[in-house]
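Chain order of the listed sequences is A and B. When the letters of the first sequence are read in order and numbered with the working numbering, they come out as residues 1 to 334. When the letters of the second sequence are read in order and numbered with the working numbering, they come out as residues 1001 to 1403.
No wet-lab data here; the hints were simulated from the structure. Even for Gly, the Cβ is constructed at its ideal location relative to N, Cα and C. Any given hint could turn out to be false.
[Stated by the list, open to error] Just the calculated beta-carbon pair ranges, DEER-fashion: (1) Pro1284/B with Ser73/A: 50 to 60 Å; (2) Pro94/A with Trp1288/B: 36 to 46 Å; (3) Arg1082/B with Asp134/A: 55 to 65 Å.
[Claimed, not checked] Cross-link-like lysine-lysine pairs, in silico, PhoX-like; alpha carbons within 20 Å at most: (4) Lys280/A with Lys1107/B; (5) Lys276/A with Lys1107/B; (6) Lys280/A with Lys1063/B; (7) Lys272/A with Lys1107/B.
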Amino acid sequence: MKSKIGARVGSRRPIKMWSEGGSFVKGVALGGVFYLLLSLLGSFSPNAKSGSEDLHQHHHVQAQSNDNLKQLSESQTQELKDQVRVYCVIMVQPKILVYWAAAVGTWSKHCDKAVFYTSESSKALEAVDLQERDGWARLCKALKHAYENAGDLRWFFVAQPMTFAIIENLKYLLLTKDPSEPFYMGNALKSGELEYVAYESGIVLSYEALKRFVGVLDDKNKCPIRVNRLWKLSEDKQLAMCLKYTGVFAENGEDAHGMGLFNGKSLDALIKESMKNNPKNVVEGCCSDFAVTFNGMTPNQMQVMMYGVYRLRPYGHDFHDLLMFDPPEGSDND
Amino acid sequence: MKSPGCRISFCMGFMVGFLVLYLYLRQVGISQNFSVQPIHKLVEHNDHQRHEEEEEEEKRWKKERSALFNLKHPHHSDEDSRMADELYKKVRILCWVMTTPTNLQTKARHVKDTWSRHCNVIVFVSSVSNPDFPAVGMDTKEGRDQLYWKTIRALHYVHEHYSNEADWFLKADDDTYVVVDNLRWVLANHTKDEPVYFGRRFKPYIKQGYMSGGAGYVLSREALRRFVEGFQNKVCTHTSSVEDLALGQCLEKVGVLAGDSRDTSQRETFHPFIPEQHLTAEFPKSFWYWSYCYYPISMGPNCCSDLSVSFHYVHESNMYLLEYYTYHLRAFGYKYRYQPPTPLGYTSVRSNSKDDDAAAAAAAAAPVVANKENKADSQEKEQKEGVNGDKSPDDPPPAGKQR
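Whole structure, please, built from the sequences with the hints as guidance.
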């Protein structure tokens, strides 16, 4: 057998080498193309950078600078303070009682009205029991309840339990905005063609926007409450779709320098990110001086934030803000 | 085509092609998501950036004799910092930071980029000199047993070289965060000629108490002079390596008083731990802290003054976090509950009314007159009863505190 193979090889060698060479070249070519494809696919990943580029297509809602406020009279500023009062819609669950308690004991004291909406009641804490397991249905019911119980409040802020909000800075953003116009603001993101406000960093709705939402709610074609599992979007995207049908669009909340005010991460996480990305300018590169929300804050971190925002300050550095907000009554950590 | 030889060559070719393109593209930098640029241009850009940053740093500090002299006191564009500026000129603070050669880039650097920018002069004290950072070497070894030697040498060094550049001399660790503006408020009602020092007061071992090393302590110029003189006269020696206690013993011997650094609501300003612990932690009853504090301890919201001066065990990211909380993040228009009294002899130019000019003029006139009267009264009081660190001229001085 061996000799036979040897004979065969001998006679076909030149042809074989040629075809082997050919295979080699084909291999090189295919290997290169394969690598190119891999690297292209690898670099294609929806990350924060591309998200922020897309933000330029959103509407930008910026806070007023103090200069614009200088021309207002005494009665006008009081009217302004009344107009920017906020109804906080805080979505909680008994299984995360400690976060619920943290919100009660910290930032929510600065809301003009803070109502907690729960999936099931708990003896420990007071809340509106929606008796609803489904997240989207809960949000719908909570918003409807808020609309019906708004009284003369005209701004609505929807928060999750691990979110910390600085309500005074929210009011600063809302100053001179008319709540009878439809406003839907927060950290605006894009998913395909849909622009929506991220749930975890807080959602702001004007009275008009909420009114339109309630009007279209449970319209089977536009804004059904019960959605088939297959078509289920996250709650914040679902809300955006409903609002879109009524002509209300998401806007990104920013300060006068264009820095986002609604943060989906904790302050600690953002500082650490900034240490990596802007090592020479960590603090200014991190977050706005007038940040409205941070998410993922533990109850202890919330107490520290109460101290850091409402108490700790450097003596002799004063600000003459033309609207003054009083500290809440019966509170000792602010 | 299907023969084994062909298959092998194909596979080899495939691998070669894959590798070649991987190496080539990596060279050009595509795998890092940069646009395709020739490499030398990328290097140039980085150099330019570094040069800009260095220039920026040079404008902020004047490096002289291994210390940094602050040229630019940090400000916000829309703030009224007249009071802070006045205090900056009148209450000059030299901050010296205890660090080590290994900690220069991991810890001291963050101090340099954050709170030390608010000191008038800053000296980084290490065991070995590093002229680039800059840090001064005390020619000791590192370690807890060398701590008091390092402190003794640092105090002598600072006294010898910078005695005239500052009124107060603050010691901090490279994991202490200090709000220097608040330190100026605490010290504003005292002078550099008083033999006094401030910090988080501890009570054991020494009659008048002593100041915690970790929370930072600050000596008046006179206190520093007496410390150095004490060593010259052999009244003070290296007694132990427990730096804060040994220092406290020496200072008591040379007649330097332990001051009360609490605010006018009796809240502590110097803190031996991070804010989270003072605000939320539940220390066990056996913890040393309970038996060490000179004044009654408060945990929770009453733990800490709004005008806190220091926190300890502050690690890297926490330095920036505290800087953000102190100097940046605020609640628009919020009326603070605690309204600290203006230090004596300083004009109060704060006004909340819309008619800024008229109100400012009125406000400026009234407190100055009142302050002059109060100043005369309180100076008399102080001369009679000795310095006791009281902030408000209205409060009766605490009984039984003075020798």
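Hints and how they fare:
{"no.": "1", "hint": "Pro1284/B with Ser73/A: 50 to 60 Å", "in the structure": "58 Å, holds"}
{"no.": "2", "hint": "Pro94/A with Trp1288/B: 36 to 46 Å", "in the structure": "39 Å, holds"}
{"no.": "3", "hint": "Arg1082/B with Asp134/A: 55 to 65 Å", "in the structure": "57 Å, holds"}
{"no.": "4", "hint": "Lys280/A with Lys1107/B", "in the structure": "14 Å, holds"}
{"no.": "5", "hint": "Lys276/A with Lys1107/B", "in the structure": "15 Å, holds"}
{"no.": "6", "hint": "Lys280/A with Lys1063/B", "in the structure": "19 Å, holds"}
{"no.": "7", "hint": "Lys272/A with Lys1107/B", "in the structure": "15 Å, holds"}
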